[in-house]
Amino acid sequence: MSEFALEVENLVKVYASRGKAPIRAVDGMSFRVPSGIIFGLLGPNGAGKSTLLRMLSTLTLPTEGTAKILGYDVVKKPIEVRKRISSVIQATAVELLLSVKDNLLTYARFQGLDKATAVRRADALIGEFQLGPEVDRKVQDLSGGFRRRVQVAKVFMVDTPVLFLDEFSTGMDPILKRQVMNLLRAEVEKGRTIILTTQVLSEAEELCDDILIINRGKQIARGDLNTLKLLSEGVYEITLAFDHLPDNIQAEIAALSPIRSAIEANAIDLALKIEESRVMEVVSALSRNRHVLRVEVRGASLEDIFVELTTREGRELK
Amino acid sequence: MSALSAVVYREMKIRATNLTFIFWDLFFPLLYMLVFGVGVNSALGAPTGIGNVGYNEFFLAGVLAMASFAIASNTSWSFFLDRDNGIFYEMLTYPMRRSEYLLGKVLFNVLIAVAQAALTLAVGRALLGIRLQWPKLPLLLAGMAIGTAGWFFFYAIFALRIRRNDIFNSITSVFYFAFMFASSMFYPLEPLPIWFRRAGLLNPITWEIDWLRYTSIGIGNFHSILLEGAAFLIFSLACFAFAVRCLKQQE
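Taken in sequence, the protein lines are chains W and Y. Going by numbering that gives the first Met the number 0, 84 is the number at position 85 of the first sequence; the sequence numbering is gapless. Going by numbering that gives the first Met the number 0, 40 is the number at position 41 of the second sequence; the sequence numbering is gapless.
Quick caveat, the hints were computed from the structure, so don't treat them as lab data. Hints may contain errors.
Unchecked claim - Think about it this way: if two alpha-carbon atoms lie no more than 35 Å apart in a straight line, the pair counts; the simulated DSBU-like pairs of lysine-lysine are:
| hint | chain 1 | residue 1 | chain 2 | residue 2 |
| --- | --- | --- | --- | --- |
| 1 | Y | Lys247 | W | Lys137 |
| 2 | W | Lys114 | Y | Lys247 |
| 3 | W | Lys19 | W | Lys75 |
| 4 | Y | Lys247 | W | Lys217 |
| 5 | Y | Lys12 | W | Lys137 |
| 6 | Y | Lys12 | W | Lys114 |
| 7 | W | Lys217 | W | Lys75 |
| 8 | Y | Lys12 | W | Lys176 |
| 9 | W | Lys217 | W | Lys19 |
| 10 | W | Lys137 | W | Lys114 |
Full structure from sequences and hints, please.
Right, here's the structure in full:
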């Protein structure tokens with residue numbers, strides 16, 4: 000068996016439709032992911048994350064290149080690949096006409112789990128995902144959030160070595176999300192490899208051991224959080240809270256050309272790419288002759304890095 | 000094999016949530032025969048060109064073929080439901096071949112088709128006095144099974160290639176009209192105008208009906224029935240191969 004959970008070599012996916020220019024959704028990606036980690040695929044909408052996951056999970060055939068899961072080629076050995084993966088696709092995927100429990104048991108049957116194990120695991124997951132009161136209800140009668148719970152719970156029914164999660168936390172409340180994140184971490188400690196896409200960057204920051212940022216079907220940056228922060232050296236987050244919001248503050252913020260900015264109530268939140276020595280200078284300028292209640296200066300978050308790298312790539316392309 | 004049984008299990012579970020649907024599946028051909036068949040038999044009598052049998056006997060094969068056609072169309076429509084639920088795409092990542100998915104989906108419905116045929120034959124014999132060719136019963140049930148599967152694969156091609164269920168519904172309505180009425184389902188082909196008869200002879204549902212009629216009440220020429228049976232088998236296999244191809248192209 001390969002030491003890598005995932006090996007991708009010059010992978011390309013082109014969508015061609017009549018009368019329209021072909022779209023290169025994935026454009027020559029190459030990377031490897033070792034087993035037993037949480038690997039994050041980050042990128043803005045349309046970056047190619049879902050297309051990449053669809054190819055890796057044998058849903059879509061690549062146009063060029065190769066991809067292997069634990070040494071098995073997704074095109075040449077799709078069944079071997081499917082035996083080793085579980086997927087939470089982006090859309091809610093549940094059996095609407097079946098009950099919560101039957102959803103879990105039917106999934107287990109597809110994955111070849113024996114009945115006793117399936118029932119035991121289903122009962123445990125129903126508790127962990129707080130599905131107890133709904134267990135015998137048809138999923139079509141549940142809310143979107145509960146449907147998503149059922150969908151995500153299914154992948155914990157089995158022990159497939161590789162897990163694909165496409166925006167897994169969509170529709171989950173913060174408490175459940177926290178529980179699922181803990182479960183994911185526990186699965187990785189057992190040796191599973193998790194490939195996840197997310198737009199919630201704090202989630203990736205907390206969960207991922209290794210991150211690949213992609214945009215327009217291409218790789219932009221790869222590494223753990225610290226490595227990526229180095230790529231984005233000189234990005235600082237500044238938060239200033241005033242007793243009341245100054246009249247001309249928006250113009251002052253715009254003059255600083257921030258990577259991102261937000262104004263909420265009496266506070267401003269900026270991400271700036273500047274030299275370290277200038278940070279206090281900016282804070283002083285924004286505070287001058289104003290009653291400041293709170294000042295915070297932090298290093299770059301994953302969100303800053305993400306915005307900086309994806310917009311930089313956009314600028315370079317132009 | 001376990002993948003196939005998992006798909007059958009899933010279909011069975013889904014169908015078991017709606018007992019009215021199962022009841023209708025089982026009794027639909029029987030009720031059709033008892034209402035429509037008896038009505039025509041009483042009002043119009045036996046049509047010409049079918050030998051020494053009444054309309055009830057003649058219509059038996061037609062109603063069984065109609066039932067297999069209806070089950071196939073309903074089963075293929077479930078692709079739309081699965082696609083809307085998102086489960087369709089998730090299922091394509093499960094450890095099974097595309098062919099197993101298709102075969103599993105139809106297998107449970109083949110069992111329903113065989114059960115409804117057995118029920119229709121038994122009640123037809125008991126209530127309407129239809130004289131059946133009991134030794135040919137296994138061939139009749141095999142015809143029902145292959146008929147249901149063949150029509151399901153045929154419909155699956157359209158259900159997998161068409162994304163909008165309103166378009167699919169329009170197409171199935173046209174199919175219902177064309178396949179059922181340009182065939183030997185309701186009337187024999189012999190007295191019909193030549194163009195109509197030719198269309199009927201080229202219609203795969205005629206091949207299925209003629210097989211079912213021969214194996215149920217013994218009407219027909221053995222050699223031409225054998226030829227029609229072989230043609231329907233080829234039609235079913237070709238539809239299966241094409242449907243698997245369509246399933247592999249789902250993105």
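Evaluated hints:
A threshold of 35 Å between alpha carbons decides the hint, and for Y:Lys247 with W:Lys137 the separation of about 30 Å falls inside it, so the pair holds. About 30 Å separates the Cα atoms of W:Lys114 and Y:Lys247, which keeps this hinted pair within 35 Å; it holds. In summary, the hint linking W:Lys19 to W:Lys75 is supported, as the alpha carbons are separated by about 30 Å, within the 35 Å threshold. For the suggested pair Y:Lys247 and W:Lys217, the alpha carbons sit about 26 Å apart, so the restraint of at most 35 Å is met.
With a C-alpha separation of about 12 Å, the suggested pair Y:Lys12 and W:Lys137 falls inside the 35 Å cut-off, and the hint holds. Proposed proximity of Y:Lys12 and W:Lys114 is supported: the alpha carbons are some 15 Å apart, at most 35 Å. This hinted pair checks out: W:Lys217 and W:Lys75 have alpha carbons roughly 24 Å apart, not beyond 35 Å. Using a Cα cut-off of 35 Å, the hinted pair Y:Lys12 and W:Lys176 holds, with the two alpha carbons roughly 30 Å apart.
About 21 Å separates the Cα atoms of W:Lys217 and W:Lys19, which keeps this hinted pair within 35 Å; it holds. At roughly 21 Å between alpha-carbon atoms, W:Lys137 and W:Lys114 fall within 35 Å of each other, so this suggested pair holds.
Hint violations for this structure: none, all hints satisfied.
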